[in-house]
Structures are given as structure tokens and as C-alpha cells.
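A.B. asks: Chain by chain, the residues run as shown.
Number of protein chains: 2
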Amino acid sequence: MQKKQQQQADQSSQNIMATILTSIPKDANVTKIDYEGPRIALYTDKPRFLMENNEIISNLVNQIKKRIVIRTDEKIRKSEEDARKILDALVPDDAGLEATFFDTATGEVSIEVKRPWLCQRNAEEFNHTEVTEQTGWRLRIRKSTTKPSNTIKSINYQLKISSADRAKQLKSVGEEIFRPRLVQKSEVSLLTLGGFGQVGRSCMLLTTPDSKVLIDCGVNPGARTPSEAYPRLDWANISLDELDAIVIGHAHLDHTGFLPVLTKYGYRGPIYCTEPTLPMMNLIQLDAIKVAGAQGRTPMYAERDVHQIMKQTIGLSYGTVTDISPDIKLVLANAGHILGSASCHFHIGNGDHNFVYSGDIKYGKSMLLESADTRFPRVETLLVESTYGAKEDIQPTREEVEGAFIKSVNEILKGGGKVLIPIPAVGRAQELMMVIDKYMKSGQLIESPVFMEGMIQEATAIHEAHPEYLERSLKQKILETDDNPFDSEYFTNIEHADGRDEPLREDTPCIVIATSGMLEGGPVLEYFRNFAPNPKNKILFVSYQVNGTLGRRVMDGARQVTIMGRDGKVEVVTINCGTEKLEGFSGHSDYNQLMSYVQRLRPKLRRVLVNHGERRKSQNLSSAINRMYRVTTHYPQVQEAIKLF
Amino acid sequence: MQKKQQQQADQSSQNIMATILTSIPKDANVTKIDYEGPRIALYTDKPRFLMENNEIISNLVNQIKKRIVIRTDEKIRKSEEDARKILDALVPDDAGLEATFFDTATGEVSIEVKRPWLCQRNAEEFNHTEVTEQTGWRLRIRKSTTKPSNTIKSINYQLKISSADRAKQLKSVGEEIFRPRLVQKSEVSLLTLGGFGQVGRSCMLLTTPDSKVLIDCGVNPGARTPSEAYPRLDWANISLDELDAIVIGHAHLDHTGFLPVLTKYGYRGPIYCTEPTLPMMNLIQLDAIKVAGAQGRTPMYAERDVHQIMKQTIGLSYGTVTDISPDIKLVLANAGHILGSASCHFHIGNGDHNFVYSGDIKYGKSMLLESADTRFPRVETLLVESTYGAKEDIQPTREEVEGAFIKSVNEILKGGGKVLIPIPAVGRAQELMMVIDKYMKSGQLIESPVFMEGMIQEATAIHEAHPEYLERSLKQKILETDDNPFDSEYFTNIEHADGRDEPLREDTPCIVIATSGMLEGGPVLEYFRNFAPNPKNKILFVSYQVNGTLGRRVMDGARQVTIMGRDGKVEVVTINCGTEKLEGFSGHSDYNQLMSYVQRLRPKLRRVLVNHGERRKSQNLSSAINRMYRVTTHYPQVQEAIKLF
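Protein chains in written order, with numbering that gives the first Met the number 0: chain H, 0 to 644; chain A, 0 to 644.
It should be emphasised that the hints constitute simulated quantities derived from the structure, not laboratory data. Hints are not guaranteed to be accurate.
[To be verified] Quick list of in silico lysine-lysine cross-link-like pairs, DSS-like style, CA-CA up to 30 Å:
(1) H:Lys211 to A:Lys184
(2) A:Lys263 to H:Lys211
(3) A:Lys642 to H:Lys184
(4) A:Lys25 to A:Lys211
(5) A:Lys263 to H:Lys184
(6) A:Lys211 to H:Lys642
(7) A:Lys642 to H:Lys390
(8) H:Lys146 to H:Lys84
Given the sequences, and given the hints that come with them, work out the whole structure.
C.D. replies: Right, here's the structure in full:
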């Protein structure tokens with residue numbers, strides 16, 4: 000029976016085109032069928048028919064088990080100028096059309112609007128089919144951001160100038176994905192290239208007889224030698240053109256910092272991640288070039304290598320089943336860690352094996368994001384992170400930490416002082432914005448100006464542009480109301496050093512949120528040297544402070560430290576203000592949450608592997624899971640190969 | 000301090016030639032210094048000086064830590080004809096010079112003599128230096144065999160016709176071995192390609208940043224599909240020209256059966272094994288072609304691929320330290336399993352890690368071989384076989400099994416019957432010959448003719464030609480006396496079917512030893528159909544009978560079986576004779592011996608890996624070692640990578 004299904008699957012794979020051609024009615028006016036990366040694109044010069052008869056496509060998808068998208072024939076696409084005029088006329092004025100982006104590789108136009116709920120498919124005054132028929136372009140609706148995102152603009156520009164190349168590349172990616180399987184017997188191995196028995200340089204290679212997929216490609220910024228700082232692709236003995244795909248879990252440097260090096264040295268295949276992960280990682284990768292320059296190091300890659308990534312990335316929504324090679328299907332699921340962070344579910348060889356890589360997970364809801372998703376239909380092998388894998392790694396509840404935060408900040412504001420919160424730009428900053436906005440609005444937190452400086456605004460814009468990835472009620476607020484908490488009146492962004500007069504003015508109680516998160520550079524230092532000598536103020540740490548950083552020394556109670564002043568001279572800062580560390584805002588699960596996550600999946604599991612933690616923590620989590628859930632566990636080191644199936 | 004030693008080692012490696020040139024006195028008349036595989040060859044046109052001043056070479060070896068050999072300058076080498084005449088004159092008549100073989104790649108002449116003790120270096124009437132001076136060739140003394148070995152003849156022929164190529168190849172092998180290390184930091188991984196969690200297709204890849212060494216390359220004859228029958232080189236993603244070396248532990252097909260496929264597909268690098276392993280594996284590999292043909296299968300390789308192996312093999316004696324790559328030194332040690340079988344000791348990266356692969360071991364003395372050697376100066380990781388790794392795998396002592404053998408055979412011979420012993424040609428046959436010869440001579444076993452048929456004679460000749468690999472007293476008998484047990488008057492070899500009249504004649508009590516060992520074909524079948532119907536006879540099994548073979552069915556008590564008769568028709572054989580299985584002649588260690596072997600090495604060990612056993616047996620041995628000796632253990636499966644260092 001299994002064998003028969005297998006054969007059927009193979010046949011249908013060979014006969015995809017034939018099946019489509021015989022199933023689509025003449026009235027659909029299909030003019031071309033082509034691969035578009037992992038999707039099959041049906042081009043039509045009469046889009047109305049297929050758009051109004053959804054069941055035709057959904058029946059077809061059920062039959063061939065491939066993703067299908069409807070595309071407009073190039074002949075019917077109006078010029079961008081004409082199409083823009085039509086859009087201006089059709090988009091309701093109240094929606095607030097702010098920008099359009101035409102992607103000629105796919106024939107889609109993205110429109111950025113202030114009030115997306117007035118342009119959704121079910122909106123009364125706006126008909127998608129009509130727009131497509133009149134313009135010849137298919138529609139994507141995007142929420143416009145409070146401030147325009149330079150990152151998204153830059154990505155759109157890169158997509159525009161590369162659209163002819165991308166169209167070709169998407170076709171050849173599709174041909175690779177849908178090539179016949181050479182070997183019918185499934186075998187699955189996982190090669191550990193980085194981030195096992197350690198935090199940093201996450202990277203692994205998933206191999207089958209037919210495919211090779213690289214998962215994550217990070218750096219370990221704390222390491223001293225190249226063999227400790229970068230993923231061990233050299234050890235795997237693999238050349239870049241052998242890779243079928245690269246899958247990226249989330250944007251942080253320890254998961255993406257080495258990716259531009261791969262495009263620099265010629266990787267031209269597809270890169271899969273969620274839609275917001277692309278701008279987020281671009282932002283972080285480009286910033287890493289600047290940081291290297293500021294520290295007098297030669298950057299490992301250039302801007303063009305990051306731009307190249309934009310051209311190769313295929314964005315996937317949570318929950319969409321996507322073929323990424325002849326025998327591997329990928330589903331990304333919310334991981335709750337940062338915007339767009341994903342657990343990766345690999346469905347291998349017609350269901351012979353299901354492998355889930357948790358990625359960095361928060362199994363617990365926050366104000367910004369939903370809790371990590373566990374609804375995988377099957378998981379034989381789970382690879383779970385262990386940043387907080389030690390028994391003692393227990394965080395206070397969200398209620399407790401929010402209470403402590405309110406109490407601590409109110410105290411200072413009441414006393415006429417200022418609160419400085421050093422913070423990483425991505426994730427924690429936006430979470431804290433939501434916390435501050437909520438409690439100021441409810442009156443529990445004393446109203447006061449909140450100043451932000453650094454990459455925070457840009458990262459926030461990327462959050463606003465992707466509301467569907469946010470916590471349910473936050474998403475609803477942004478997508479369906481004018482009450483956008485990111486646009487709260489409490490927040491003031493400082494664009495230049497000139498703007499610092501207000502937050503620095505004496506006797507102005509305020510909150511300042513600035514990067515970098517460990518006082519290792521960036522605008523936060525200017526506030527630090529100004530606030531620290533005054534006992535009325537407080538420095539509040541809400542994120543992890545690595546040993547050896549200035550942030551760690553201050554947190555640990557240093558009363559005098561030296562920093563590099565604005566004039567390049569060493570300056571002594573005396574710390575008379577209060578300092579405090581608040582646990583519980585972490586984007587990682589604590590020990591209890593990790594155990595609950597595994598317990599939730601337990602009935603399906605055959606084996607659990609543990610990564611992304613100091614060796615001691617991975618070991619502890621591994622043996623705890625083994626002991627409590629009676630499932631085989633293993634915590635590999637870097638440079639191991641594990642046979643999954 | 001360590002770093003300094005490292006630097007010194009590197010420097011001396013770069014300056015080998017310079018060091019030699021400055022250390023060798025003018026009187027040595029060195030005319031050329033060249034790599035000869037892993038050795039450094041000093042050519043001289045006055046060999047007497049270096050031959051008489053051994054301490055010069057041994058001091059040099061201590062200094063540069065490389066193997067050095069003295070070679071004669073080609074100019075002084077007499078023609079083979081002239082040299083042969085000189086040898087005829089100089090070799091004492093009593094020594095019985097039977098053959099000479101001139102290897103122009105090394106300038107060595109091997110002389111085969113009946114009485115080698117009359118030609119050894121310490122012999123009174125024979126001076127090596129004089130011979131070399133007169134002929135211009137360096138000497139190797141070999142014991143001539145009772146019957147000439149066709150395999151050794153064939154190897155000599157292949158070496159002869161390829162000598163110019165081999166000289167070039169040995170030089171380039173040396174240049175590869177002594178290239179500078181690219182990476183100073185040692186890392187060691189072991190990739191399991193076959194023979195883990197199973198018996199058959201032994202194969203693994205040892206990798207460092209500088210080197211890749213394949214260890215063993217066998218087939219699993221019992222497997223049905225290629226992915227189960229052959230080593231998984233495809234999975235390791237390695238091309239043959241990346242390999243620095245192949246190391247072969249012993250000759251059996253499950254360790255060497257895939258090697259001709261590698262030469263067929265272009266492997267041209269060095270193959271290291273003990274001297275007798277080369278002819279033994281050639282014999283077995285060529286036989287496998289015949290067997291495939293007889294069974295109507297297409298052989299995987301041709302004779303020429305086996306001949307190619309002969310040209311690439313570099314024979315090593317037990318205990319010689321040999322550089323096989325820039326950061327790996329190899330020492331082979333007696334494994335006690337079959338003639339020439341070796342445990343392989345890898346000394347990696349100037350002593351950063353020492354890895355010992357036991358190979359198939361007999362940790363217990365037999366009449367044919369010494370017990371497996373355990374004198375490794377350091378072993379951090381041991382990989383040990385587990386053929387008999389289950390708790391219940393306990394064999395009787397040698398005294399017990401020999402007693403049972405004598406009793407069983409005497410009973411039949413007394414009753415006027417015949418004993419048929421189906422046996423594999425290599426190893427068990429020669430062991431049994433030694434047992435029979437000893438007990439017939441001592442009078443404990445009734446004297447009777449012993450007939451042998453199959454590949455046994457050829458395998459026996461290879462044993463005779465390599466007495467230095469045999470059990471100490473046996474070696475002494477062959478090398479120093481005329482009492483050669485292999486040449487015992489009890490033994491009669493049957494060369495052709497015509498010669499079977501005597502063993503088949505009724506009322507002639509006798510012992511017949513014939514191949515194959517599991518009644519799956521070969522001459523043994525003719526004796527079986529003849530002996531089985533007579534209740535006076537007995538079929539005695541002394542080796543393992545695989546499930547599903549005719550041997551196993553007979554052993555298990557079948558009273559009627561069908562075989563393919565001589566005319567190609569199916570024939571029914573009724574079994575009225577006795578059948579018996581004698582445990583204890585195995586070439587493998589039993590459970591207790593495996594545990595003792597590990598215990599012996601225990602003080603040095605950091606980790607023990609277990610292979611070469613059914614999964615259950617490997618698992619049991621692994622956990623027993625972990626429990627009793629408190630050392631980390633692991634029993635990997637095929638397609639895993641383990642980081643050793």
C-alpha cells in the first residue's frame with residue numbers, strides 16, 4: 000500500500016504539467032505554466048475566472064500536492080504608470096495609499112496603505128479581482144509604517160533591478176526542486192557544523208541521498224579563531240553548488256552572520272525564511288559591517304553580498320507546506336523568539352521521517368508574539384535549543400517581571416530621575432515598547448516621555464510592516480484599527496545626536512531606550528556617561544550581559560569605569576546612579592518552558608537532540624528529558640553526524 | 000614547551016633533506032636521496048660503508064623521526080642474469096636456492112630458499128654486505144614454500160611489469176606524505192561507512208584538517224541491496240583522489256571485498272597492510288570473481304582491478320612506525336585473527352590523539368598465531384569489534400575443543416569411517432592442519448591420511464612464505480629447522496577431481512578438509528554427497544554456519560537435502576552419517592576475551608567505540624565495558640560521524 004502511494008506520488012510528480020493542463024477549464028485562459036521557485040505559476044490573460052472559482056485551484060492542489068499561484072499574463076499588465084493611476088482611483092481614500100511596488104518577476108503589486116482593513120479581500124469598497132482585471136497586476140496589501148523602513152525600500156530596489164534574473168532563477172530553482180528522485184529509499188543524516196555544545200554559529204546540514212539542505216548559518220562573535228567562530232562547512236566537505244537550499248530560522252547574527260560569506264563565495268541557490276526575517280537579517284548583517292569597521296576589523300563580506308541574499312530569498316508564511324527538494328518538504332512555524340522566528344519542520348521522503356528543529360524558542364506568550372507553535376502533525380526527531388537548559392535557569396513569570404519593571408521605573412520617575420535601558424535593537428526593544436505603552440495607558444506606569452535611539456526605529460518599522468507575525472490582539476489592533484501601539488504618542492525617536500538635548504536636559508524625568516544592549520558602543524554610551532553620575536537615575540538591564548562587556552561590569556556593581564569619549568580619549572565615568580537587572584523579558588524559554596515544550600510533543604517523539612546551549616546546559620536538558628519522558632536523547636558536539644533515519 | 004616541540008618537528012620536516020645531507024659522512028658515497036613511499040631512500044654506489052656502520056642510519060632516524068632505507072645506485076646493479084650467477088655461487092648449497100625476484104623499483108632481490116636460517120644476516124657462510132657489494136642489489140630472504148604459490152608469483156610478475164611506474168608513484172606518494180601541514184590545530188573525526196551495528200562491509204573514514212584515510216573496505220555478502228551491501232562512500236561525499244591512504248586490517252572479504260572497485264574507479268593512492276595480507280586478499284578477491292560467475296552474477300570488478308591493487312600496496316611489518324600523511328603515523332600490530340591480521344594504531348598530530356582500531360581480534364593464543372598485541376604506548380580512543388559481544392558468547396578453552404576434536408575424529412577413524420570437515424580456505428584450515436599434525440605426531444590422534452582440496456593449498460603456501468607472522472614456536476620451526484608442519488607427510492593435496500579416487504575409496508578411514516566452509520559450493524560438495532549416506536562417517540563443522548546455508552541445515556539435523564549434482568541436475572542426498580559442531584576454533588575473541596582485551600588497555604583509554612557485531616551484541620559489549628571499566632562507550636551505526644578529538 001505504501002509502495003503504491005509512493006509510485007503514485009512519483010508519477011504525479013512527473014506528470015504535474017499534464018495533470019494541470021487536463022484539469023483547468025478552457026475558460027481559465029491559461030497561457031503558460033511555469034515553475035516559480037517552489038510554486039507552480041499559472042499565467043492567464045483572463046484572471047477573473049480563476050480568481051472567482053477558487054475551488055479549481057484548491058482541487059488541483061489536493062491532487063498534485065504542490066503549491067499553485069495564479070499569475071497574470073505579461074501582455075495584460077499595464078505599465079507601472081498607468082497601473083498606479085488605476086490604483087489611485089480604486090483604493091479608497093480613507094485607506095491612505097502611501098506607496099506601490101511592482102515586482103515584474105511575479106507580476107504582483109504591493110500597495111502600502113495606512114488602513115489595510117479597508118483593502119482586504121473582504122472589504123466592501125475594494126474588489127481585488129476588479130483591480131487585477133483593470134491593472135493586469137495581482138495585489139498584495141501591506142501596512143504602511145509610522146516611519147518608512149529603509150531596509151524594505153532597499154530590498155524593493157534590489158528586487159526591482161534583478162527582476163529579469165530572478166524570474167529565470169525562480170524557474171531553475173523549480174526545475175531543481177521537482178527533478179525526479181534518484182533513490183527511492185529514504186535515509187536522513189544531520190551533520191553538526193556549529194552551535195552544538197555551545198551558543199553561537201548555529202549551523203547544520205541535513206542530507207538525504209537526493210538532497211543537501213543547510214539550516215542556519217551563524218557566527219560566534221565571542222570566539223577567537225576562525226575554526227571556533229564560523230560554521231565548519233570545511234569539515235562537511237561540501238561545495239556551495241551542491242546545496243539544494245539554505246533555511247534560516249531567524250534573523251540574529253548567531254543564525255545568519257555567515258550567510259553573506261556564502262553568497263560572497265558563490266552560493267546562488269534559494270534561501271528560505273519567513274517574510275520579515277529577510278529585512279531583519281539584512282538590517283543586522285549590514286550593521287555588522289559597520290561594527291567591524293568601527294572596531295578596526297576587516298568585515299568578512301561587503302554590502303553587495305547582503306544585497307545578493309535579498310535576490311535569492313524566498314519568503315514563506317507560517318504553516319505553508321513547501322517542497323524545497325525532490326524529497327524534502329518544509330513548514331515554518333512560529334517560534335515566539337523574535338519577529339518572524341521559526342521552528343523548521345522537515346517532512347522527508349513521503350513521510351518516512353519528520354524532523355523538527357525548534358530554533359530559538361519562547362514557549363510562553365509575550366506582548367509582542369504568540370507562544371511557540373507545537374502543532375506538528377508528526378515529529379520523529381526533535382532538535383531543541385538549551386540556552387536555559389540548566390535546572391537553575393528558572394525565570395519569573397511575566398506578571399512578576401512586569402510588576403517589578405513598573406515598580407522600579409515609577410520609583411525613579413517619581414524621584415525626578417531618568418531610566419536608561421540599554422537594549423538590542425531587535426526584539427527586546429519592541430517588546431518593552433509594548434509593555435511601556437500598555438501600562439502608561441492603563442495608568443499603572445507614570446506617564447513620561449520615552450526616547451529611543453539606535454537601530455530600534457528601523458527594526459520597529461519592520462515589525463509594523465508584518466503585523467500578521469505579531470501577537471493576536473496586537474496584530475488585530477494594527478490591521479483593523481487606528482490604534483497602533485508602535486505609533487504611540489509616548490515614543491520619541493532620536494534621529495541624530497542633535498536631538499539629544501531633551502532627554503539629556505536636567506530635571507526631565509524620562510525613559511531612554513538605546514542600543515547597544517551591552518554598553519559596547521552605540522548611542523547608549525552618551526546617555527550612560529550623562530546619567531550614571533546622578534544618584535537619582537537608574538540603569539535597567541533587561542537582556543543578557545556577556546562576561547567581559549562594560550554592561551556586565553556595571554551590572555555587577557562597578558562604581559567607576561572608563562569609556563571611549565566622543566573625542567576619542569579615554570574618559571572615566573563614576574557611577575552613582577542605581578543599577579538593576581530584571582529577569583523575565585528573555586526571548587528564550589526558561590528550563591521549565593523547554594521541558595513543557597518537549598512534553599507537549601512527547602507522544603510523537605522517537606528521539607530528542609539538544610543544541611544551542613553551553614555544553615553543561617545541553618547535557619542537563621538532554622538527561623532531564625531522557626529521565627522524565629523516557630525518550631532517547633543525545634546532545635551532539637560540533638563535527639558529528641547523526642543518522643536520523 | 001609543547002609548541003616548541005611542534006615547531007621543531009615542523010622545521011625538521013621541511014629540512015629532512017638538509018639534515019640528512021649534513022649528517023651523512025662523505026665516505027657513504029650517497030648519490031641520491033629520494034622518497035620511496037613513506038620511507039626515505041638513500042642511494043649509494045658504495046653500500047658497504049652504510050651497511051657496516053648501522054649507527055649512522057639509526058642516529059639519523061632518531062633525529063628526523065622518519066624511516067630510512069639504504070638503496071644501491073642503479074649504476075652498480077648487475078644485470079639480473081649476472082646477479083643471479085653471483086647468487087648461485089654465494090648462496091650455500093644446503094640453503095636450497097629455489098627462486099629469485101629482482102624488484103627494479105627498489106633495487107632489492109628476494110631470494111627464496113629452503114633453509115632460510117643458512118642465509119640470515121647472522122649466518123656464518125653468507126655475508127649480506129658482500130652479496131650486495133658484488134651484485135649491486137640489496138637482499139631479502141624468503142622461505143620457499145612446499146608448493147610454489149601462484150598468487151605470490153603473480154604479484155611478482157605485476158610488480159615487475161610496473162616497476163618504472165611504481166618507482167615514480169612511490170616518489171609522489173612520499174611527496175604527498177611529507178607535504179607541510181596546513182592546519183596546526185589537530186581535529187579528528189571518524190565517519191562510519193560500514194560494519195557498525197552489523198557484521199560485513201567494514202569501512203570507516205578517519206579525517207583531520209590535513210588528511211583523509213580510509214580504513215578497511217569490505218562487502219556484506221549477505222545483503223540484498225547495494226546500499227546495504229557496500230560501504231557508504233557516497234554518503235561521505237568524498238572523491239577517491241581526496242584519500243591520502245587506504246589501510247587494510249586483514250584479508251577477509253568483509254574487510255577487502257570492495258577495494259578492487261575503488262581501483263576500478265580510479266583510486267591510485269597507497270594501500271597499507273601487512274606483507275602477507277596482500278597475497279591473501281588478492282587470492283580472496285580473485286576467487287570472488289569466480290564465485291560470482293559460477294552463481295550467474297556479474298562480478299563488480301575484473302582481474303585487472305585486483306592486479307592494480309598489487310601495484311599500489313605498501314607492505315608494513317608489525318610494529319614499524321610509518322608516516323602515512325602529514326599528521327598521521329600508522330603502526331600495525333598483530334591481531335591474532337588470521338595470518339597478517341592487524342590492529343591499526345593511528346598516532347595523530349604529533350601525539351594529540353591516539354586511535355586504535357582492533358580489527359577482528361583473537362585475544363588468545365592459537366597453534367597458528369600469537370594472541371592479539373596490546374602493547375600500544377598510548378590509546379585515547381579504542382574501536383573494538385564485537386562479533387561475540389553478547390554475554391552468552393562464551394567459547395570452550397582450546398584444551399577442551401582440541402580434546403573434543405581428538406575424541407570425535409578417533410571414534411570415526413576407529414570405526415573405519417571418514418571425517419569431512421567443510422572449511423574456509425584461509426585461517427581455520429591452517430589452524431586445523433597444525434592441530435592434526437601435532438596430535439598425530441604425539442599419538443593422541445589416530446594416524447590416517449588427511450586429504451585437502453580447494454584454495455587451501457594456495458593459502459597454506461602464503462602462510463609458509465611469511466613465517467615471521469606465525470606463532471613463535473611455529474615460526475622458529477619453519478625458519479630454523481627442516482621440520483615444517485605444513486609439509487607434514489600426513490597431508491595430501493588433491494589438485495584435480497581425478498585425484499579423489501583415494502579419499503572416496505570405500506573402507507579407507509581418512510580425514511578430508513575441503514572448501515567451501517558452509518557447503519555452498521566448491522569441492523566439499525562432492526565429498527558430502529559421497530560420505531553423507533554412510534552412517535560410519537561424520538561431518539564436522541568447526542566454523543560459523545550462516546542461517547540459510549546448506550551447512551547450517553545439515554548442522555541443524557536435516558536428514559535429506561538437495562544439491563546441484565555434477566551434471567547440473569538437482570540431486571537428493573540422504574544424510575545417515577553423524578554431524579557435529581565444535582565451538583572454540585574461532586578466529587574471533589569470545590565475550591570474555593573481548594572484555595579482557597579492553598581491561599588490558601583500560602588505564603590508557605578515554606573512550607571505547609564498538610563495531611563489527613550485530614546491533615544487540617555491540618550494544619551489550621558497549622554497556623558492559625561502560626559499567627565495568629567506567630569509561631565512556633558508544634556503539635555507532637553506519638552513517639555517523641564521531642569527533643574523536
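A.B. asks: Under the constraints set out in the numbered hints, which ones does this structure not fulfil?
C.D. replies: 4
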